[in-house]
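Undergrad: Sequence:
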Amino acid sequence: MIIDKTSLPNDPTPEEAPPSYDTIQSNAGPSSYTPNEKPPPPNPYTLPSSPPSPNPSPLTPKGKASTKTSSSWFGFGQASRVSKEVKATVHGLVRDLVQNADSDMASSLAILESCSQACAAHGIPLSSVLQDKSIEGHSSIYWAIIKRPSSQSARHGSDLLNGILSFASPLTEVTIAEVRTACLDTSNQQLFQQLRKSAAFAPLSGPEQILLGTPVPPDDIEIDEVAGDQGAFVAHLRVVAFQKRMRVAKHVHLEFIARGRIWRLSFVNLDSSRVVGGKHFDKGKWIVILALLEHSPPTWIDSRLVVEDVRSPKQKPTVELRIRSGMDQLKSSSYPSAIGVSLEESLMASSLQYEDSSYINPDGSLYARLEAKLVRSDDTECIIC
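Numbering (the working numbering), first residue to last: 32 to 416.
Just so you know, the hints here were simulated from the structure itself, not pulled from any lab data.
Note that the Cβ used here is the ideal one computed from N, Cα and C, for glycine as well.
You may find that some hints are simply not true.
Unchecked claim - With beta-carbon atoms standing in for the labels, derived distance ranges: (1) Pro393 - Ser197: 29 to 39 Å; (2) Asp216 - Gln360: 40 to 50 Å; (3) Gln221 - Pro329: 36 to 46 Å; (4) Val205 - Glu116: 47 to 57 Å.
Unchecked claim - For lysine to aspartate or glutamate, the following EDC-like pairs were computed, each having C-alpha atoms within a straight-line distance of at most 20 Å: (5) Lys118 - Glu167; (6) Lys310 - Glu375; (7) Lys275 - Glu386; (8) Lys164 - Asp302; (9) Lys118 - Asp190; (10) Lys347 - Asp313; (11) Lys115 - Asp135; (12) Lys275 - Asp163; (13) Lys281 - Glu253; (14) Lys164 - Asp135; (15) Lys275 - Asp302; (16) Lys281 - Glu325; (17) Lys316 - Asp251; (18) Lys228 - Asp260; (19) Lys314 - Glu325; (20) Lys281 - Asp313; (21) Lys362 - Asp387.
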């Protein structure tokens, strides 16, 4: 008895099912493609390759998972391309600005504002773009310092450098090092001190900000370079709230440019024992450290820290703390070396730690000067005569 096959009501097999594998194999023959036939035109929109999509979530409707994945990958690729184009455009605009640093300041600020808006619209931090080393191996900030007009012709606070810094904050450690290098390359101690008093460049630690009520170092440093062949200079220092900062923050760092080098003079209240310049210092000691910062050439140095009695008439002898290189030259941070001297090496200098010291001003400030010459130390006591 022959029974006609009828489709079951719920049979998922289509009425015209595709041929079986054996049928395809038996009917396989030469390719039906002929040379006269043209291949279909390529798709003008090529999606970025994507990894295999995971199994759709049970909460995702069937038939929509692959479409959503393709769309997200297309959107990501397009967004990435647009972001790169925006960054490239901003790099080009900023390059033009620093190349023509004497252009109208209002126009320069308008361009920076437009760059800021464009970057914000695409989730790009303008601060990082401005710090990219995209201009001949340096950042826009470096070139703004190099191209900055002299202090005699530049209006304070109205130059391109300040405009760029207002959009570039906060600065990374790499950028701060590059700022030091630019100031060193131009021997611009005055600008370097201005930058040190900006929150973008040299923010104080949390305890210091609370103690001083300001986010930037309030200290003053002025340099006099003495004529002659010994590379002599005098650094005049005013350190605000000296004893309080030493007791609470445990340190005071002063940086300045003199004789083609960047120096750091530090007062440190040691919270642990430490070796500086081959000398061991115990915990709790107040010491002075003199060091060279990056890109400064090595040198010999013979110097002394001088602090005078602030009372009038003067009743105590002047503090003189000798700071000099030993058997080796002082080198920059690329080859870590420093000179360390304890305040206790001078009877008078040790009194800087004590309340009612004759060498501390009534407002808590310390006035001192570092007299130095870049020569190998000898046995004479005269530093700058």
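Undergrad: All hints, please: hold or fail.
TA: Verification of the hints:
The hinted range of 29 to 39 Å is satisfied by Pro393 and Ser197, whose Cβ atoms lie roughly 37 Å apart. Distance hint check: the CB atoms of Asp216 and Gln360 are about 22 Å apart, inconsistent with the given range 40 to 50 Å. Taking 36 to 46 Å as the suggested C-beta distance range, the pair Gln221 and Pro329 does not conform, at roughly 25 Å. Checked against the given bound of 47 to 57 Å, the beta carbons of Val205 and Glu116, roughly 25 Å apart, lie outside it.
As the CA atoms of Lys118 and Glu167 are separated by approximately 16 Å, the hinted pair is consistent with the 20 Å bound. A threshold of 20 Å between alpha carbons decides the hint, and for Lys310 with Glu375 the separation of about 14 Å falls inside it, so the pair holds. Our distance criterion of 20 Å between C-alpha atoms is met by Lys275 and Glu386, whose separation comes to about 10 Å. For the hint linking Lys164 to Asp302, the alpha-carbon distance of about 38 Å lies beyond 20 Å, and the restraint is violated.
Proposed proximity of Lys118 and Asp190 is contradicted: the alpha carbons are some 24 Å apart, above 20 Å. A C-alpha spacing of about 28 Å is found between Lys347 and Asp313, which places the hinted pair above 20 Å, so the restraint is violated. With a CA separation close to 28 Å, the supplied pair Lys115 and Asp135 exceeds the 20 Å bound. At roughly 39 Å between alpha-carbon atoms, Lys275 and Asp163 are farther apart than 20 Å, so this suggested pair is violated.
Proximity of Lys281 to Glu253 is assessed by CA-CA distance (about 24 Å); at most 20 Å being required, the pair is judged violated. The hinted pair formed by Lys164 and Asp135 fails the criterion: a straight-line CA distance of about 25 Å is larger than 20 Å. Of the pairs offered as hints, the one joining Lys275 and Asp302 holds, with about 15 Å between alpha carbons and a cut-off of 20 Å not exceeded. A distance of roughly 24 Å separates the Cα atoms of Lys281 and Glu325; the hinted pair therefore is violated under the 20 Å criterion.
The straight-line distance between the Cα atoms of Lys316 and Asp251 is roughly 25 Å, outside the 20 Å bound, and the hint therefore fails. For the hint pairing Lys228 with Asp260, the CA-to-CA distance comes to about 32 Å; that exceeds 20 Å, so the pair is violated. Using a Cα cut-off of 20 Å, the hinted pair Lys314 and Glu325 is violated, with the two alpha carbons roughly 28 Å apart. Under the criterion of a C-alpha separation no larger than 20 Å, the hint pairing Lys281 with Asp313 is consistent with the structure, at around 14 Å.
With a CA separation close to 37 Å, the supplied pair Lys362 and Asp387 exceeds the 20 Å bound.
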